[in-house]
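Colleague: This is what each chain is made of:
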Amino acid sequence: MKYRKYITIVVLVPLILLVGCRSDQLSLERTSIALVVGIDKSDEEGDMEIYQTSPVFSREAKDTVATLETIAHSLRQARDNLDSQSAGTVVGGKLQVLLLGKELMTDQPIFDELDVFYRDPKNSPNARIALVDGSVKEIMNFKPSDKPRIAVYLSDLIDTTHLRENAVLTTLQEYHYANFEKGITPAVTEIKLLGEEIQVQGTALLDNNGKYIFSIGHLDSSILQMLKKDVQEPIPISFVVEDPNKVLSVGVTRIKSNIDVAYKNDQLTFDVKFKLKVAITENTSTIDLEKDQKKIKRIIEEEIDKKTIALVKKVQEEKIEPFGLGKYVRAFEYDKWKTFEDKWPEEFSEADFNVKTTVEIIEHGVVQ
Amino acid sequence: MYIVKRRKICEVTRMRRKRRKIKEPTKQLSLSKEEVISSYLAENKEFLIHSPSLPGLSIREITIFDGRSALLTYIDHLSDTAYISQNVLSPLFGDHSPQKSVKDVIPVPNLKTVNNWTNIITNLLHGCCILFIEGENDALHINAQSLQKRKPDEPANERTIRGSHIGFVEPLEDNIAMLRQFLTSDQLRIKYTYVGNENKTKVGILYLENLANPEVLEELMDRIEKVNYKTILDSGELEQMIEDNPYSIFPQSLSSERPDSVAADLLQGRYAIIVDRSPSVIVAPINFNSFFQSIDDYSSRWISSSFIRILRFVSFVIAIFLPSIYIAIISFHYEILPLELLLSIGQSRREVPFPPIIEAFLMEFILEMLREAGLRLPKSIGQTVGIVGGIIIGQSAVEAGIVSNIMVIVVAMTAIASFVMPNPEMAFGIRFIRFPMMLVASFFGMVGIVIGFMTIVMHLVSLESVGTPYGVPYGPLKWKDLKDSIIRFPLWTINKVRVSRRN
Amino acid sequence: MPNFKNNTLTLTQFSLLIYGTQSGIGILSLPRDLAEIGDTSSWIALFLGYALSVVASIIIIQVMKKYPEDTIIQLFRRFFGKWLGSVFSICWIAYTALGMFLITATSVFIINTWVLPKTAPYLILLIITIPSFYLARNGLRIISRFSVLVFFFTSWMAFLFMSPMFTGDLLNLLPIIKDGFMPIIKSVPSITFSFLGLELLFIFYPFLEDKTKAIKGVLIANGITLLSYLVVTFSSFIFYGPYEVLEYVWPTLNLVKPIEFPFLERFEIIFLSFYLLILATTGIPYYFASSFSIAQLLGRKDHQIILFLTLPLLYICFYFFTNSLTNLDKLGGIFNKIGLGIAFFMPLLLVVYGWLFRKVRRHKP
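Protein chains in written order, with this note's numbering: chain A, 1 to 368; chain B, 369 to 871; chain C, 872 to 1236.
It should be emphasised that the hints constitute simulated quantities derived from the structure, not laboratory data.
Beta carbons: idealized from backbone N, C-alpha and C, even for Gly.
Just so you know, not all the hints are guaranteed correct.
[Claimed, not checked] Just so you have them, the derived chain A footprint on chain C, three or more residues with Cβ under 8 Å:
hint: 1; stretch: 1034-1048
hint: 2; stretch: 1125-1131
[Said to hold, decoys possible] DSS-like cross-link-like pairs, simulated, lysine-lysine; straight-line CA separation at most 27 Å:
hint: 3; chain 1: A; residue 1: Lys356; chain 2: A; residue 2: Lys313
hint: 4; chain 1: A; residue 1: Lys229; chain 2: C; residue 2: Lys1049
hint: 5; chain 1: B; residue 1: Lys848; chain 2: C; residue 2: Lys1087
hint: 6; chain 1: B; residue 1: Lys568; chain 2: B; residue 2: Lys519
hint: 7; chain 1: A; residue 1: Lys338; chain 2: C; residue 2: Lys1049
hint: 8; chain 1: B; residue 1: Lys851; chain 2: C; residue 2: Lys1087
hint: 9; chain 1: C; residue 1: Lys937; chain 2: C; residue 2: Lys1087
hint: 10; chain 1: B; residue 1: Lys594; chain 2: A; residue 2: Lys5
hint: 11; chain 1: C; residue 1: Lys989; chain 2: A; residue 2: Lys122
hint: 12; chain 1: A; residue 1: Lys338; chain 2: C; residue 2: Lys1057
hint: 13; chain 1: A; residue 1: Lys343; chain 2: C; residue 2: Lys1049
hint: 14; chain 1: B; residue 1: Lys846; chain 2: C; residue 2: Lys1084
hint: 15; chain 1: A; residue 1: Lys319; chain 2: A; residue 2: Lys246
hint: 16; chain 1: B; residue 1: Lys846; chain 2: C; residue 2: Lys1082
hint: 17; chain 1: B; residue 1: Lys851; chain 2: C; residue 2: Lys1084
hint: 18; chain 1: A; residue 1: Lys306; chain 2: A; residue 2: Lys356
hint: 19; chain 1: B; residue 1: Lys846; chain 2: C; residue 2: Lys1087
Chain A on its own, in the form it takes in the complex:
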């Protein structure tokens, strides 16, 4: 109590210092929040075209979204350029979607260029990454009257497609992980502008440098996620069972993937067992669901086995490995893994791969 006078001084002095001091204060309406950032190849060698959309908080402005573009060597440089173009301060903390042009990723793959997203702790790690088949610019300027603003629309689109397991959902954080984890190569969502609609095409597979290799469709994406053990929601699959166009649709409600890795005769071998519990959701064919259960099971099992083997073959040919099987090798065959950990995708292309699917039908709706 004796020192109360001094304490008061010590408390008051900083308060005085506060006045007119540099601060991080930045009102929401004075910012230009980058919600979607698009990067595409520029005509100039080594440069990138960078696009950004941000919401506009102003009564006078007619549009609710502002789209800006610039050409720069790096993202940080681009931000400085965009800052001088927009009324508010450009901030990246709420980034929803990062769009990468397919051309860019084929010709001059970028991963190191994304550094600023990870280095600056203000940036969001949860932005979704999508590869654009076509021009990024067209998507950035896409303003249909029946859709919400592009950022909300794109992120909802990617999220719901992922919910159906028809494409992967890769955030910046997961992309970073896939790049540094030696037992996996990255994969991102692929989207395309089709006339007046944006459509999620499936999954684009990249190599460890971020170079675009090839794309896979919806069913393959589901299989990819089954192998990654990353399936939370029912997967809808349709099979053509009778000519012409007689379809049997099922929803895979529960999946157990059992992945075994072993060296058989010095040959790396993966034995994958899928145990699926399916519900039949649609049947336009003449198959009797009661009597022909075995047949249905066989159709589904064969189809999934076939598709899986085909996907793995293709992946092995291209020397990538988006399934994360390397982690199994590391976990169970660590000594061998040590010898090839830096060139895992090449090692994987030599591996044997067996798959066995068993299907159990648990329901077929309320009609026979």
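Given chain A, work out where chains B and C should sit, using these hints.
Modeller: Showing chains B and C alone in chain A's frame:
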């Protein structure tokens, strides 16, 4: 352990004494007449007539049944004339044997003799009636006080749904009687003392001998006796004089107008301080948790009262932190909002020309003004002010683009939350803290809020109430007492008798 | 100078005070520090670190037990006489002051990097130190009350750290022992740094109410510390795997970043702000220890004025210190090395010396 602590308490008191420049109490009355009364009526009469401190004194000379003359004095309106004529005058004029003494004739329960002018004057001023008798060295003192009394009804700001609907009134003795109705224990002790330099006010300290901590009593008596103030008109004044830390924003004693809740506190080993002429009774020592308890909690079932408790704690947090969190988010950490919410806040903020801190201060001030205005006005007008202020000002401020919709919601929520607190003193403390909190939030964002929160917590753990820790059962953690805190466990599991402990 | 008589600590307060002192800045970079040396199997070393620090704490208690009213300052004086004792005491004070400075500077640096990049560091320093001063001047009992409260206020953080375990891949932890036991043993020293804070037992012990519970107290304190380290390490290894974890300066903070709730995103801002509470329970005991030791050395009963005078000194030091990661790492390295000596080797020496000391004294009455 406690004895060691005593030293510290004394130190604190010494400092407070110094702070308030405490002098030794002066003598009761400024009258120089210390001498005793005379046995001659004429001298006494002379003295009374010329005494400057007895305006409105009525003096009546009578001849009583044994033939002696006497002098009946009282102050008009302070004494009950009907009572005097029925119980004093008519027996004195009655037909009694002259051998009987005067004392045997007057049928009042409380008859004392006085012979000292100082006492006589004090008693007259308290509404007593004094009877001087020729040839006697002592005067008779008859208590004929006529007080303006109010019927004990339910206190307006401490209403309960269940429980008794009786409230304290002004006279000290009546209040003690009311408490007695709840506590018939033979352990109840009462200590009287007088406070005030100019005007003595009677103060009673009540406690249960078997439960209360005697060290606290000593400390409490010490503090009350050291009070150096001209006069104590209300218990609120005394409360401020005996607090541990007068610079704190948190009240360190509880005041209640409900005999049942005071009785409940006494049963927990606390002390009740009743000030004459004040219907609110001070309860000390208390802790932070007491402000979240209401007597209602114990009469309703434990799940419902636990829910109410949680509600109060949540409201406590909302009332202090919500506006500052709003400021911090809008001006620093817009990232933490989900996109949709962010966009809608951005939409509502777009027309507001002020930074959020000004917006918030403006609205909070208007709200406080409305509250204060509504408090003093008659009930019907008060409601109108509330509606006009709340709805019309809020609505048109938004339309005029001075504040944003979200800000109005935030302010309204804070206001409601601050009214949830059962204790008005604590509610005021909370309402006040949010202003500095808003300031730090506008300078440092979330970091500022946490620093503010930290400072509040640090303050609460350092505070003491009459030398006992204030933060119980959180600050010094007391597992047993936690049963009656955020969740009110079933009554039979709560050991309600608690003696204040250290650490 | 028994001014800790009216400042006694209960067992809970004692153990959570030590826990608060131990867990602080170390935990933020712990997963990376571990992974650098021992890969993902290094978490086993945490148990070794725990055992070591418990042994060290028990030795400290053995030293202090013989003179239960003495703090380290009085013990130095008793053992080594006035002059030599003072020299040792000054070393001790310098060490605790360094600890206080290091924690404060790191807190400022982290806040500056993560939450408020444009705010001047000295302002952050001011708003951190003023509440610290307010708390520390009230004595150790109040500090321990605060530590207990903070422990409960921040216990939700443990659940927060568990959530990345469910999104990550458990395979990342396998094989449990990767390259034999050598890397695990090698990572023990960097773990013992994280258990530093137990050396403040030299100050806390005389305040403990029931001295027989001291060993129980340090077991609990180190146990909680171990538990929190295990949660963070497992979580980081499962979420990041053995390669990505090396990419972050403070993996623990990055761990919180992707966590989202339907109503709240970017949880690290809230987390980090609340982490200030934990940093306070680490820094304030060092602050108190240094001022209290100075007061004891000077024979003053009141440590408030010294607490107050320390503040401007801190500001001056901070002014001349370039607050960068490199400098903090350097300073931290120095602090850890001295701490290792003070917490793990000095008690051993003191035990032996004390035993000799008493023997010699007994021989010449």
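Colleague: Verify the proposed pairing of B:Lys851 with C:Lys1087, using a straight-line Cα cut of 27 Å.
Modeller: holds (26 Å)
Colleague: Mind checking the alpha carbons of B:Lys851 and C:Lys1084 for me, to see if they're no more than 27 Å apart?
Modeller: Holds. B:Lys851 to C:Lys1084 sits at ~26 Å (cutoff 27 Å).
Colleague: Take the stretch 1034-1048 of chain C, compare each residue's beta carbon with every beta carbon of chain A, and decide whether three or more fall closer than 8 Å.
Modeller: The restraint on the stretch 1034-1048 of chain C holds, since 5 of its residues have a Cβ under 8 Å from chain A and three suffice.
Colleague: Is the hinted pair B:Lys848 and C:Lys1087 satisfied, with a Cα-Cα distance of at most 27 Å?
Modeller: Distance of about 22 Å is within 27 Å: holds.
Colleague: Is B:Lys594 close enough to A:Lys5, meaning Cα to Cα at most 27 Å?
Modeller: holds (25 Å)
Colleague: Are three or more residues of the stretch 1125-1131 of chain C within 8 Å, CB to CB, of chain A?
Modeller: holds (count 4)
Colleague: Within a Cα-Cα threshold of 27 Å, do A:Lys319 and A:Lys246 meet the stated pairing?
Modeller: violated (37 Å)
Colleague: B:Lys846 and C:Lys1084: Cα distance at most 27 Å?
Modeller: Within the cut-off at roughly 18 Å; holds.
Colleague: Is the Cα-Cα distance between B:Lys846 and C:Lys1082 27 Å or less?
Modeller: holds (20 Å)
Colleague: Below or equal to 27 Å on CA atoms is what counts here, so check A:Lys338 against C:Lys1057.
Modeller: Roughly 20 Å between the alpha carbons, so the hint for A:Lys338 and C:Lys1057 holds.
Colleague: Would you check the hint for C:Lys989 and A:Lys122, treating anything up to 27 Å between C-alpha atoms as holding?
Modeller: With Cα atoms ~12 Å apart, C:Lys989 and A:Lys122 stay inside 27 Å; holds.
Colleague: Given the hinted pair A:Lys306 and A:Lys356, is their alpha-carbon gap at most 27 Å?
Modeller: holds (10 Å)
Comparing the model with each earlier hint shows a violation of hint 15 alone; every other hint is respected.
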